[in-house]
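Chains as they are written, first to last, in numbering that gives the first Met the number 0: chain A, 0 to 243; chain B, 0 to 327.
Hints in this document: simulated from the structure, not taken from any laboratory.
A hint or two may mislead.
Unchecked claim - Partial selection, computed: residues in chain A whose CB lies under 7 Å from chain B: (1) Ile-5; (2) Ala-13; (3) Gln-16; (4) Thr-17; (5) Gly-79; (6) Glu-82; (7) Ser-86; (8) Leu-87; (9) Pro-88; (10) Val-92; (11) Leu-215; (12) Lys-242; (13) Gln-243.
Glycine included, every Cβ here is placed at the ideal spot set by N, Cα and C.
Each chain is listed here by its residues.
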Amino acid sequence: MKDILIVARRECGAYFQTPIAWIFIALQIAILSFFFFLYSPFFIIESADMRVWFGLMPFTLMVFAPAVTMRLWSEELRTGSTEVLLSLPVKVVNLVIGKWLASVVVLLASVICSLGIPATISYLAASPIDWGPIIGGYIGTVLAGMMFLALGCWVSALSRNQVVSLLVGVTAGIVLVLALSPDFASFISGTNETLARIVESLGVQSHFRSIERGVLAISDVVYFLSGSCFFLALTVFQVELKKQ
Amino acid sequence: MSEESSGALANNAPPASPRTTVIEASQLSRSFGETKAAQDVSFEVRRGEILGFLGPNGAGKSTTLRMITGLIAADRGSAKICGIDVATHPIEAKKKFGYLPESIPLYEEMEVIDYLRFIGSARGIAKAVLEKSIDRISKRLGLLPMLRRRCGTLSKGFRQRVGLAQALIHNPEVVILDEPTNGLDPRQIIEVRSLIRELATDCAVIFSTHILQEIAAICTRIIVIHSGHLIADGTPDELAGDSSEDWQVVTSGSGVDPEQCPGLQLAPGVEGSTGETVHRWLGESAPDLGDLSIQIYRSGSRLLHVGRSRESLEQVYLRLTGGERVQA
C-alpha cells in the first residue's frame with residue numbers, strides 16, 4: 000500500500016505541478032458548462048436538475064480520460080524512465096495502481112471543481128432541488144471515470160507515442176459508449192435478442208443511466224469496478240510483457 | 000515498503016565478507032526474434048571488483064546487464080545478486096543493486112531533491128534516514144547547489160550525477176552502470192571514474208562501455224562481449240599477457256608483404272598516429288632481420304621499430320573481436 004501511495008504522489012506531482020491537470024479540469028468543466036447552459040433546455044424547462052450535465056458525462060469521459068492517462072506509461076516508455084522505475088523494488092501491480100490512482104485524483108479534482116454548478120442551481124432554484132439524482136450522478140461519474148481511466152492506463156502502456164495512446168483510448172471509449180449503447184442494442188434486438196442483451200450489459204450508458212437517475216444498483220457498481228480491475232490487470236500484463 | 004519490512008531472504012542473508020561473490024550470471028541467453036543478443040554468458044563478480052563490460056555497440060552488453068537487473072527476462076540461464084535469484088525473487092534482488100541506465104531518464108518536471116526523495120522512498124528508505132542519505136550522496140556527487148533545480152533544466156553532466164545519485168542512494172551492494180561516462184566532458188569523466196573507484200571499496204561495480212580508456216583507467220577485471228558471446232574474462236594484465244612473447248615490427252607506409260616473410264602477421268586494423276602500419280611477429284623467435292630489412296627496403300617502407308612488446312588493450316580488443324574498431 001505504501002508503494003502505491005509513493006507512486007501516486009509522484010504522478011500527482013507530475014499532474015498538478017505542471018499545467019496538465021488544471022488544463023484538463025478547466026476544459027472539461029468549460030465544455031460541459033457550454034453544452035449544459037447554452038445547448039440544453041436547462042433554462043427553457045425551468046427545472047433545477049442536472050440530468051443533461053450527467054447525460055453528457057460518458058461522452059466527455061471517453062475523450063478526457065485517455066487525454067489524462069495518455070502520458071502515464073507512454074511518456075515513461077519514450078524517455079526510458081521505465082528502466083529506473085522497473086529497477087525499483089516495487090511490484091508492477093503497485094506501480095500500475097499508483098499511476099491509475101493519480102489519474103483518479105485528477106478526476107476527483109475535476110468533480111470537486113464542478114460542485115459549484117449544483118450549488119449555484121440550488122441557490123437560484125425557487126423550490127428545494129432533488130439531491131438524489133445529483134449525488135447519484137456524481138457517484139456514477141467517479142465510477143465510470145475510474146473505468147475509463149483504467150482503460151486509458153492500459154492503452155498508454157501499449158505505445159510509447161502519446162498521440163497513438165490518445166487516439167486508441169478515444170476509439171475504445173467510443174466503442175464502450177456509442178457502439179455498445181442501448182440504442183444500438185434495441186436496433187439489433189429484432190434480429191438477435193441475446194446479442195442485444197450482451198451489448199447493453201457491456202456498454203457504459205445503460206449502467207450509467209440508472210446511477211444517474213439516483214438508483215445505485217449493485218450490478219452497476221460491480222460493472223464499473225470490475226471493468227476498472229479488468230483494464231488494470233491488462234496494464235500489469237502489458238508492462239510485464241515488456242520484459243519478455 | 001520500509002527497510003524494516005525487507006523480505007525474509009534479504010534479512011536472513013548472511014553479511015557479505017569483503018570478497019563475497021555478489022553477482023552470479025549463469026549461461027544467460029536472450030534472443031530478439033532471429034537476433035541472438037546474448038548466448039550462454041556466465042561470470043561472477045566479487046565485492047571490491049570493478050568489472051568492465053567491453054564490446055562494440057550492439058554486442059550484447061546492455062542486454063546482459065538488463066537481464067541481471069531483471070528488466071528483461073532471460074530465455075535461458077539465471078542471474079543472482081547477493082545469492083538472490085533475480086527471476087524468482089525480483090523485489091528482494093532489486094533491493095541489493097543500484098542501476099543507472101544508458102539514457103539517464105529523469106522526470107523533467109521534478110526538482111532533483113523530490114526525485115531523489117521519490118527514489119529513496121520507493122527503495123524503502125525510512126523518512127528520517129532518507130534526508131541524511133540525500134545529503135550524503137549530494138555532497139559526494141556535488142549536487143547540493145542543484146537540489147532545487149528541475150531535472151529538465153540540468154546539463155548533461157548534472158543529469159548523469161543525478162542518475163548516479165538515484166543508483167547509490169540506498170548504499171547498494173552492487174552498482175550496475177550502463178555507459179556511465181557517455182556524453183560527459185573530460186573533467187566530468189575523471190570525476191565519475193574517481194567515484195567508481197571509491198565505490199568499489201564498499202561494493203561491486205559493474206559497468207558497460209565501448210571506450211577502451213575507461214576500462215584501462217579503472218577496471219580491475221574485464222569481460223569482453225562480442226556478438227552476444229563472452230569471449231574474454233580476466234584482468235587487463237591477464238588479457239594482454241597471452242601475447243607478451245610476441246615480436247612487433249613497426250614500419251611506415253604500406254609495410255612489408257606478409258607473404259614474403261613467413262610467420263609475420265599483420266595486426267588487424269591497428270594504425271599508428273602518423274599513418275604507419277604495425278606488423279606483429281607471431282612466435283617465440285625473433286624475425287630474421289636480414290630478410291626483413293630487404294623486404295622493407297624493396298617495398299619502399301621504413302623500419303621504425305623492432306622489439307618484443309606486450310599488446311596494448313586496443314590490440315587485445317581488436318584481436319578478440321576480429322578487428323572491429325572501438326573508440327580509443
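Checklist entry - Should the hint that A/Leu-215 touches chain B count as held when the rule is a Cβ pair under 7 Å? => result violated, 36 Å
Checklist entry - Once the shortest beta carbon distance from A/Lys-242 to chain B is found, is it less than 7 Å? => result holds, 5 Å
Item to check | Agreement of hint A/Gly-79 with chain B interface, Cβ distance less than 7 Å | outcome: Since chain B brings a Cβ to about 4 Å from A/Gly-79, closer than 7 Å, the hint holds.
Item to check | Status of the A/Pro-88 interface restraint (C-beta, 7 Å, chain B) | outcome: A/Pro-88 check passes; min Cβ-Cβ to chain B is 4 Å, inside 7 Å.
Item to check | Residue hint A/Val-92, partner chain B, criterion CB-CB below 7 Å | outcome: violated, 11 Å
Checklist entry - Taking the least C-beta to C-beta distance, is A/Glu-82 closer than 7 Å to chain B? => result This hint holds: A/Glu-82 lies near chain B, its Cβ roughly 4 Å from the closest one there, short of 7 Å.
Next on the checklist: Restraint: A/Ala-13 near chain B, CB-CB cut 7 Å. Satisfied or not?
Outcome noted: Given a least distance of 6 Å, the restraint on A/Ala-13 holds.
Item to check | Restraint outcome when A/Ile-5 is required to lie within 7 Å of chain B by C-beta distance | outcome: holds, 5 Å
Checklist entry - How about A/Ser-86: closest beta carbon in chain B under 7 Å, or not? => result For A/Ser-86, the interface hint holds, since the closest Cβ of chain B sits about 4 Å away, which is under 7 Å.
Item to check | A/Leu-87 as chain B interface residue, shortest Cβ-Cβ below 7 Å | outcome: Given a least distance of 5 Å, the restraint on A/Leu-87 holds.
Next on the checklist: Quick check on the hint: A/Gln-243 CB to chain B CB, less than 7 Å?
Outcome noted: Holds. Min distance 6 Å.
Item to check | Agreement of hint A/Gln-16 with chain B interface, Cβ distance less than 7 Å | outcome: Holds - the Cβ of A/Gln-16 comes within 7 Å of chain B, reaching about 6 Å at its closest.
The structure does not agree with the numbered hints 10 and 11 stated previously, though it agrees with the rest.
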